[in-house]
Structures are given as structure tokens and as C-alpha cells.
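So the sequences go chain by chain: A and B.
Numbers 1 to 364, taken from full-length UniProt numbering, label the letters of the first sequence in order.
Numbers 1 to 277, taken from full-length UniProt numbering, label the letters of the second sequence in order.
You may find that some hints are simply not true.
Said to hold, decoys possible - Not everything, but these chain A residues come out facing chain B in the computed CB check (under 8 Å):
1. Glu79
2. Ala82
3. Ala83
4. His95
5. Arg152
6. Phe156
7. Ala223
8. Pro224
Unchecked claim - Per label pair, the in silico range of CB-to-CB distance:
9. Thr90/B with Asp69/A: 32 to 42 Å
10. Arg170/B with Thr29/A: 53 to 63 Å
11. Gln139/A with Leu266/B: 49 to 59 Å
Honestly, the hints are just simulated from the structure, not real lab data.
Where is the CB? At the ideal position from N, CA and C, for every residue including glycine.
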Amino acid sequence: MQQPGRAAEIKAIGIGKSFGSFRALDDLTLDIGRGEFLTLLGPSGSGKTTFLMILAGFVQPTDGRLYSDGVDITERPAEQRAAGMVFQGYALFPHMSVEANIAFPLKVRKKSSAEIKRRVGEMIERVGLKGHEKKLPSQLSGGQQQRVALARALVFEPGVLLLDEPFSALDKGLRGQMQAEMKRLHQETGTTFVFVTHDQSEALALSSRVAIFNHGKLLQVGAPDEVYDRPASRFVAEFLGEINMLPLKGVRNADNGATGLCEDRTITLRGNASAVGGNAILAIRPEYMSIAPEAAAGENGIAATAVASTYLGAATRLDLTTRQGAKVTVSVPNEVAASALSKGNSVWLTWPAEKGFLLPDGGQ
Amino acid sequence: MKAYLSDRMGAALLMAPLLLFLGAAYAWPFFGVVNWSFTLPEPGLGQYGTLLSDPLVQSVFVRTLRIAAIVTIVSVAAAYAITVVWVRGTPAQRVIAEFCILVPFWISVLTRAFGWVALLSNRGLFNTWLQAIGFISEPLTLVRNEFGVIVGMTHFLIPFAVFPLASSMRSLDDRVLLAARGLGSSRMRTFWSVFVPMTRSGIIGSALIVFVFSLGFFVTPAILGGGRSVMVAELIYLRIFQSPDWGLGAAISVVLVLFVGALMALVFRYVRPKQLI
Numbered sequence: 001m002q003q004p005g006r007a008a009e010i011k012a013i014g015i016g017k018s019f020g021s022f023r024a025l026d027d028l029t030l031d032i033g034r035g036e037f038l039t040l041l042g043p044s045g046s047g048k049t050t051f052l053m054i055l056a057g058f059v060q061p062t063d064g065r066l067y068s069d070g071v072d073i074t075e076r077p078a079e080q081r082a083a084g085m086v087f088q089g090y091a092l093f094p095h096m097s098v099e100a101n102i103a104f105p106l107k108v109r110k111k112s113s114a115e116i117k118r119r120v121g122e123m124i125e126r127v128g129l130k131g132h133e134k135k136l137p138s139q140l141s142g143g144q145q146q147r148v149a150l151a152r153a154l155v156f157e158p159g160v161l162l163l164d165e166p167f168s169a170l171d172k173g174l175r176g177q178m179q180a181e182m183k184r185l186h187q188e189t190g191t192t193f194v195f196v197t198h199d200q201s202e203a204l205a206l207s208s209r210v211a212i213f214n215h216g217k218l219l220q221v222g223a224p225d226e227v228y229d230r231p232a233s234r235f236v237a238e239f240l241g242e243i244n245m246l247p248l249k250g251v252r253n254a255d256n257g258a259t260g261l262c263e264d265r266t267i268t269l270r271g272n273a274s275a276v277g278g279n280a281i282l283a284i285r286p287e288y289m290s291i292a293p294e295a296a297a298g299e300n301g302i303a304a305t306a307v308a309s310t311y312l313g314a315a316t317r318l319d320l321t322t323r324q325g326a327k328v329t330v331s332v333p334n335e336v337a338a339s340a341l342s343k344g345n346s347v348w349l350t351w352p353a354e355k356g357f358l359l360p361d362g363g364q
Numbered sequence: 001m002k003a004y005l006s007d008r009m010g011a012a013l014l015m016a017p018l019l020l021f022l023g024a025a026y027a028w029p030f031f032g033v034v035n036w037s038f039t040l041p042e043p044g045l046g047q048y049g050t051l052l053s054d055p056l057v058q059s060v061f062v063r064t065l066r067i068a069a070i071v072t073i074v075s076v077a078a079a080y081a082i083t084v085v086w087v088r089g090t091p092a093q094r095v096i097a098e099f100c101i102l103v104p105f106w107i108s109v110l111t112r113a114f115g116w117v118a119l120l121s122n123r124g125l126f127n128t129w130l131q132a133i134g135f136i137s138e139p140l141t142l143v144r145n146e147f148g149v150i151v152g153m154t155h156f157l158i159p160f161a162v163f164p165l166a167s168s169m170r171s172l173d174d175r176v177l178l179a180a181r182g183l184g185s186s187r188m189r190t191f192w193s194v195f196v197p198m199t200r201s202g203i204i205g206s207a208l209i210v211f212v213f214s215l216g217f218f219v220t221p222a223i224l225g226g227g228r229s230v231m232v233a234e235l236i237y238l239r240i241f242q243s244p245d246w247g248l249g250a251a252i253s254v255v256l257v258l259f260v261g262a263l264m265a266l267v268f269r270y271v272r273p274k275q276l277i
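Work out the full structure, taking the sequences as your base and the hints as a guide.
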């Protein structure tokens, strides 16, 4: 079992990478804490994978410095960085057995054969591959190959484990299982995990912090609930999940929040960043909105007409239009949806003051 | 009117000229050769008995296998190095490698054999130079012996060894090499313990092709061996054209064809025919 003290602490300062005239990564400054589970999230081409490759040492940054435990490792070649890496598609050695794959990093480090045998045995047990030691990767299922890749990357107790979309090839059920397993491995090893994905639910479920990338820039980094509930930009708000956006006029600061007018009703926001003044966009996650016959005075609410519903099993997704034509989506219990649709014009959407937040008008 | 032929009919029609040609030019004459081996000069297995007991025939077979084995090892090793550059080098390196691989195909095997005679003979370029710089005092015997044959054959066969290797190197997943380096393996170690094993099918295919080609080589050994380093194909030629011993020549041919056939069967167990091009 690894000492948590061995986990690496990484500091990236002003990291940039250009491929010709294409700026893949721009001025990235980020601290990755010891033993943290950081997810790099973003659409494809957002720079998240480039940053992971820079961390691994496979790609040289064009600007900036990279430190591991205070030591500058910007120019250090990949084989000397001792970062464990799990690739998309696993990149197992096809000509080696499961055992030999996992033993490889230890052999390279010239460990004694007794130690290799012991540690490989422990690792195989830990990832649940007992009985498959002698098989070749091609004889394993996707989930089992994934386990071999994890075991191979963790067996030499690296200070940091880098994971490049490791679950993209797995079906949904297996993905959930492997996610749980990875979370457990993170807790057991105490190693710093840096995980790349484009799947926001995966990012929110697994990480201690999420870093959101777009167009080569790091937009926001924070705990999952922080970035989900208080996104700093429209892109982050939309990328992390469905969001309803309503125009808000005459925004001004109020005590512990802000107020503004939305379709002639006063809306209050609490515990939010300061208002910019003038117009802004009010954003609310669909799950925080409820349907009510009336909105009480002083309560946040907006009148809307239900236009369509989609049955999702556990709930129904309801599409509504406000009087001034803004589109809103909510997720409600099935029977609520049915009655809302039958009532036509008369529903109100309400939400608690602390669940709405402001985005700069038209801002990204 | 029947508008279309079925796919299978179409394929059969397209293949027919080739199959007819192969049948008429190779299969039918070969049956004749098989027939000779059992009937000349008298019916029976006599020629196969000679083949098993005649020390000359046996020494030629042993020499042929030895030369083919050495040529195979040297050609595949050299081709491997060239192919690594060709497939994984910088753009400029690739162009140079491609040039080195393709140019030999444009020069006839005869020209190349005589070229090597000119380079390797007693008063050839190598010996003259080596004597001029005082490295040797007497010319080395580099030709009209097994050494000359091996040099000439290796030179001819390297390009053929390249293609199976190139195909296996191209299909290799780069991420596996990155993974090895990320796990702490040096470039050297990654090459020997990951890259080379992963191109195993290419190495096997390449080696078997070179070996099979070597077994039937005629022109190069005849010229560079100078009659002193006779290989099987030349022995067959001598038995048929010089000492009228058609029965023995035919029997040697049959054994050679069967041996090569068995080796080819082995090739196709390891490598798909497509990979050899």
C-alpha cells in the first residue's frame, strides 16, 4: 500500500502549446493538489488531452513551466517522469500476458524478481484479475483490459496517474462499474489522479475538482457542485448540464444577492456573484424548477405554457414557453406533466432564490 | 437476354486466363517433370535413391540451405533497419529510404551480379582500394565462392524483405510505444521489448519469403559462385543441360518444389498474403 506522501503535487504555470498556427492550449495555470482527483473536461479539441500529454511528457509545451513537487520537469523526458498512464484503447502490449504487461514497469526499473512477483500478484488481486494472469490482452473483455491498463499504470506506485478517456469504449453498465472501481483505487492508493473526459456526468461523479476547457483555454476549475451550481460562464453552465436561461432586466445588487425584472416580475437571487448592472442572463438548472398553479407574491416565478412532453420513465421532460417566448425545460414527476399539459396556459414555474445565478448578458 | 453474370461467375471469368496460363505453363510441364523423375532412365524410385545416397547432391542441398539461412538472417536484419527508417523516420529520411528500396527493382539481376563481380574480384574496386590504403597486401578472395554468392543474393533480396516488415510496422499502434515510454522504458528498451516483438509476423513473413526465394536462386550463384559454390537450381541445370541425367535433375526439382511448397504453406499460416505486398 502506498504512502499518501508519495502522491505528486503538480504546478503548471502559463503552459501553452501551438501546432503550427493552431493554438491547442493557451496560458494554462493550474495547481493539482497532492492526492487530488482532478478531471479535465471539455469538448474534443478543447486542449484537455494536449495538457494531459504535456503532463505525461509526450508533448513539449511551447510556453510555460511545469513543476512536480517543486521540481521543474518541463524538459524531463516521459520515461523519467514516472507518471502512470492509462490510454484511450488501453494500449496494452499485445504480445505479453496480463502478468507480463503489469510486470513491465517494474522490470524496466530493475526490481528483483521476488518483488516483481509479489507486487504483480497484489495488483492482480486488487483489480480482480485473478485467474487471468496467463492470458493475452486479446483474450480479455473490454472491462478486463481496462483493469490490466489500470494495474500496469499503478503497479510502480507513480506519483500521478494520468487517464485519457479510459471508459469511452465501454458500454454504460460496465462504465459505471469501472468508475466505482477507479474511485476505490484512488482512495486506496492515495495517488494524484488526472482524468480526461468529455462526459460531464462522469466528471461530476468522480472528481474532487473539475477543470473545464474550451478552445485551448481553461475556463473554470472547482469542486463538482461549485462548477455545476455556480458556473462562471455560459459555456461552463451549458456544458455541465441542461440549463434554462431567461433575460433579466434592471439588475441591481440587493442584500446578499441581486434582483431584476423578468417578464415584469421581480426575481431575487441569493448568495450569488455580484450583479453587473443593466441586463444579464438568469440561469436555473431544470431540476430546481417546479410547476405550480400560482406563484405567491415575492416568490420567484414565471408564467408559461406547456408545449411538449417527453416521457423518460422515472420523470417526464416538459418543454414550456413563457409569455414572451423564452423556452424553458423542466424535469417533473409524470403525473405533474400530464396535468400541466391539460391546463394549457395556466402554469407557473417557480424556483428558490438561491438556485438561480447570473451570467453576463451574451457572454460566453 | 441475361443482363448480369453472378459475382462468382464474373470472378471465375476474370481469373480464367491466369489459371489457364498457370496450368499450361507450370502445372502441366511440372507433371511431365514428375513423370521423368519416376521413369528416366528406367521406371522406379531409382533417382530418389540416388538423391538420398549421392554425396554430391547432398552437399549441394546442405550448401543451399546454409546459404539461404545466412542470406535470410542478413537480409532481414538489414531490411529491418531500412524499414524502420522508411516507416517511422522523418519525411526526408523516408524519401531516402524509399529510394534505396525501389531503385534495385529497376536494375536487372544479371547487371547486379556482374556489378558485384566488378566490385569484388581480385582486381576489383574493393581489393584495389584496400591494397591502396595498405590495409591488405594480397587480394582477398571475395568472389567465386560462397561469400560472393551471399553478398549478391542479400543485395537482391533485401527489398523483398522490406514489404512484409513495413506492413507490420505500419499497423502498429503508436500509443503502445508511448505507453511503454510512459511506464519508464527507455527508447532502446522499448524498441527491443515492445517494437520488435510486435512486428513478429512481419519478421516471420519476411524471413520465409527471403528463404524461399534463396532456395531457388540461379543466376546470382551461377555468376558469383563461379561454379565452385553450386546451389540446387544450378545443379538441376547442370543435370539437365550438361550431363544428360534428366531423371536425377527431375527428382531434385520435385524435392525442391515440395520443400518450397511446404515452406509457403508455413508462410501463409503466419502471414496473410496481403501483408506480403
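So, going through the hints one by one against the coordinates:
With 8 Å as the threshold, the beta carbon of Glu79/A comes within range of chain B, its nearest partner Cβ sitting at about 5 Å, so the hint holds. With a least beta-carbon distance of about 6 Å to chain B, the hint placing Ala82/A at the interface is held under the 8 Å criterion. Contact between Ala83/A and chain B, as hinted, is supported at the beta carbon level, the nearest pair being about 7 Å apart and thus within 8 Å. Of the supplied interface hints, the one on His95/A holds, with its beta-carbon coming within about 4 Å of a beta-carbon of chain B, less than 8 Å.
Hint on Arg152/A holds. Least Cβ distance to chain B is approximately 7 Å, under the 8 Å limit. Nearest Cβ of chain B to the Cβ of Phe156/A: about 7 Å, under the 8 Å cut. The hint holds. Annotation: Ala223/A was flagged as interfacial toward chain B, and the flag is violated, the nearest CB pair being 29 Å apart, outside 8 Å. At its closest, the beta carbon of Pro224/A sits 28 Å from a beta carbon of chain B; the interface hint therefore is violated under the 8 Å criterion.
Between Thr90/B and Asp69/A the CB atoms are about 35 Å apart, so this pair conforms to the stated range of 32 to 42 Å. Take Arg170/B and Thr29/A: their Cβ atoms lie about 40 Å apart, and the range 53 to 63 Å is violated. Taking the beta carbon of each, Gln139/A and Leu266/B are about 24 Å apart, not inside 49 to 59 Å as hinted.
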